[in-house]
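**Student:** Chains C and R supply the protein sequences, listed in that same order.
The first sequence lines up with residues 0 to 290 when you count with numbering that gives the first Met the number 0.
The second sequence lines up with residues 0 to 290 when you count with numbering that gives the first Met the number 0.
Hints may contain errors.
The list treats identical chains as interchangeable, and a pair is accepted whether it falls inside one copy or across any two copies.
Calculated pairs, DMTMM-like style, for lysine to aspartate or glutamate (alpha carbon to alpha carbon, straight line, at most 20 angstroms) [as the list claims (entries may be wrong)]:
1) K256 <-> E187
2) K39 <-> D164
3) K259 <-> D68
4) K167 <-> E249
5) K193 <-> E25
6) K93 <-> E249
7) K120 <-> D68
8) K120 <-> E261
9) K235 <-> E51
10) K11 <-> D87
11) K284 <-> D163
12) K256 <-> D87
13) K242 <-> D164
14) K192 <-> D68
15) K193 <-> D164
16) K192 <-> D164
Derived from the structure by calculation, the hints contain no laboratory data.
Each chain, written out:
2 protein chains.
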Amino acid sequence: MLYGSIEAGGTKFVCAIANEHLEITERVSFPTTVPEETMKQVIAFFEQYKNELAAIGVGSFGPIDIHQDSKTYGYITSTPKLAWQNFDFVGTLKKVFDIPITWTTDVNAAAYGEYVFGQGKGLSSVVYYTVGTGIGGGAIQEDQFIEGFSHPEMGHMLVVPHPDDNFKGNCPFHGNCLEGMAAGPAIEARAGKKGQDIPADDPVWEIEASYIAQCAYNTTLLFSPDVIIFGGGVMKQRHMVEKVHRAFEELLNNYVKTPKIENYIVTPSLEDDAGTFGCLALAKKADLHVN
Amino acid sequence: MLYGSIEAGGTKFVCAIANEHLEITERVSFPTTVPEETMKQVIAFFEQYKNELAAIGVGSFGPIDIHQDSKTYGYITSTPKLAWQNFDFVGTLKKVFDIPITWTTDVNAAAYGEYVFGQGKGLSSVVYYTVGTGIGGGAIQEDQFIEGFSHPEMGHMLVVPHPDDNFKGNCPFHGNCLEGMAAGPAIEARAGKKGQDIPADDPVWEIEASYIAQCAYNTTLLFSPDVIIFGGGVMKQRHMVEKVHRAFEELLNNYVKTPKIENYIVTPSLEDDAGTFGCLALAKKADLHVN
């Protein structure tokens with residue numbers, strides 16, 4: 000009995016195979032080009048395990064159609080990556096693999112990985128953000144993704160400009176929303192160099208932390224989750240989480256009593272593996288549900 | 000078989016009795032004074048029906064303790080209404096009525112009323128706000144309240160000041176959060192008169208609509224719910240909802256495809272009865288769950 004994972008990212012795909020204990024036995028990665036080419040590699044990888052493969056979990060870049068009763072369920076929909084627009088991802092897999100295939104966003108998959116194995120283990124409610132080239136978020140309560148007419152797009156929430164920040168924001172839709180002010184490209188545009196080249200004591204990080212703290216603040220008031228996890232490249236700056244704690248506490252002003260801050264606003268314990276483990280756990284859940 | 004409802008508001012209590020079809024047969028209201036006095040009236044009202052009463056649903060002003068495994072479950076906790084601080088609401092009822100008693104916030108109760116009988120009927124996911132002397136919000140997905148370390152406090156989300164607005168906000172905790180900028184007292188402080196005395200074409204309503212629209216925008220991106228319901232005194236200005244639609248669409252800039260705006264951002268169909276019907280539905284659910 001094997002489970003498959005597909006992390007379908009905008010720049011690369013990561014596919015993995017795990018045994019029934021969800022121990023990863025094989026993992027491959029290839030660049031995201033066009034569906035014909037990339038999906039051919041995906042299918043070739045999993046065909047090696049076809050006899051034992053019980054289910055596949057997919058976490059995809061989006062937006063995607065998650066409504067099981069929709070004609071375009073399992074499609075990537077209005078992505079700016081033109082070759083992938085209206086691509087029938089789940090249908091393409093189903094033609095070759097007649098097994099349960101779960102379908103959610105890349106950030107929901109990472110959130111689920113942390114919920115099952117990471118910082119959310121044993122908790123009831125988790126919100127996960129990735130802060131990288133974009134900002135995305137996913138929320139889980141009692142094993143269910145928070146969603147409705149579609150999956151969330153949390154990275155585009157509104158933020159109040161920091162008084163020392165002259166940057167106008169670079170979100171093509173909203174200008175100075177959270178993603179437009181705090182994703183990697185915004186940091187680079189503001190500072191004139193990449194985040195990894197900016198020293199930890201540069202004031203630009205205080206500005207960055209103030210936006211992440213606003214995100215944590217809104218998340219606290221709208222979900223009151225048990226934990227808020229911030230992953231992604233920007234949060235690999237290890238000094239960031241403590242700056243976010245301070246800015247968050249100042250904003251919240253003791254209005255509600257959250258769990259202890261060190262356990263409440265955290266970075267992912269699975270690091271970059273959260274998405275793969277999330278896809279695997281979703282695949283196993285789908286398999287157990289069917290059998 | 001009868002069900003009871005207690006809407007415990009900061010200024011008045013509304014108690015009701017309904018039959019098993021949740022048709023209201025009796026309703027009383029009295030001012031919120033001190034627990035000894037007000038709860039005596041509550042208990043006297045329900046004691047008339049004690050033999051037939053199967054369950055009571057309570058929707059209370061807060062903050063409240065909703066964790067069943069907490070020592071102070073069923074308490075009103077850190078409310079500014081001093082006489083009610085740390086008051087054991089559910090325990091006080093349980094001493095007299097040995098039946099299931101459900102316990103949630105006043106706004107969650109109203110959200111549940113709309114979810115079961117109103118604008119959320121048949122939908123999977125609902126977010127409800129009341130915009131009145133304060134702003135509160137509740138979210139429901141698949142019959143479960145969204146909550147974690149506590150219930151949400153959505154009314155205090157951050158908003159970006161409107162460029163034509165000189166008002167600095169009057170939230171004692173956060174100054175210019177949503178409640179500080181858009182609740183009834185903020186409208187009155189900004190305009191120098193009460194909302195009901197301000198004509199529909201006064202520019203102050205465009206400012207108000209811009210804040211409610213920001214709330215709808217953040218709610219859309221964080222929950223992607225099937226519907227967002229705005230109730231409360233301020234939304235009784237019938238011209239408001241259309242102003243909110245316009246401001247919301249401008250903010251969203253077609254980034255995600257929501258349901259049709261007229262069906263997506265709406266006012267409550269149960270009007271002021273949402274809370275009572277929500278409490279009754281929660282009471283019935285608890286009774287059916289036990290039996």
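**Student:** Of all the hints given earlier, name the ones this structure violates by number, lowest first.
**Tutor:** 1, 2, 5, 6, 9, 11, 14
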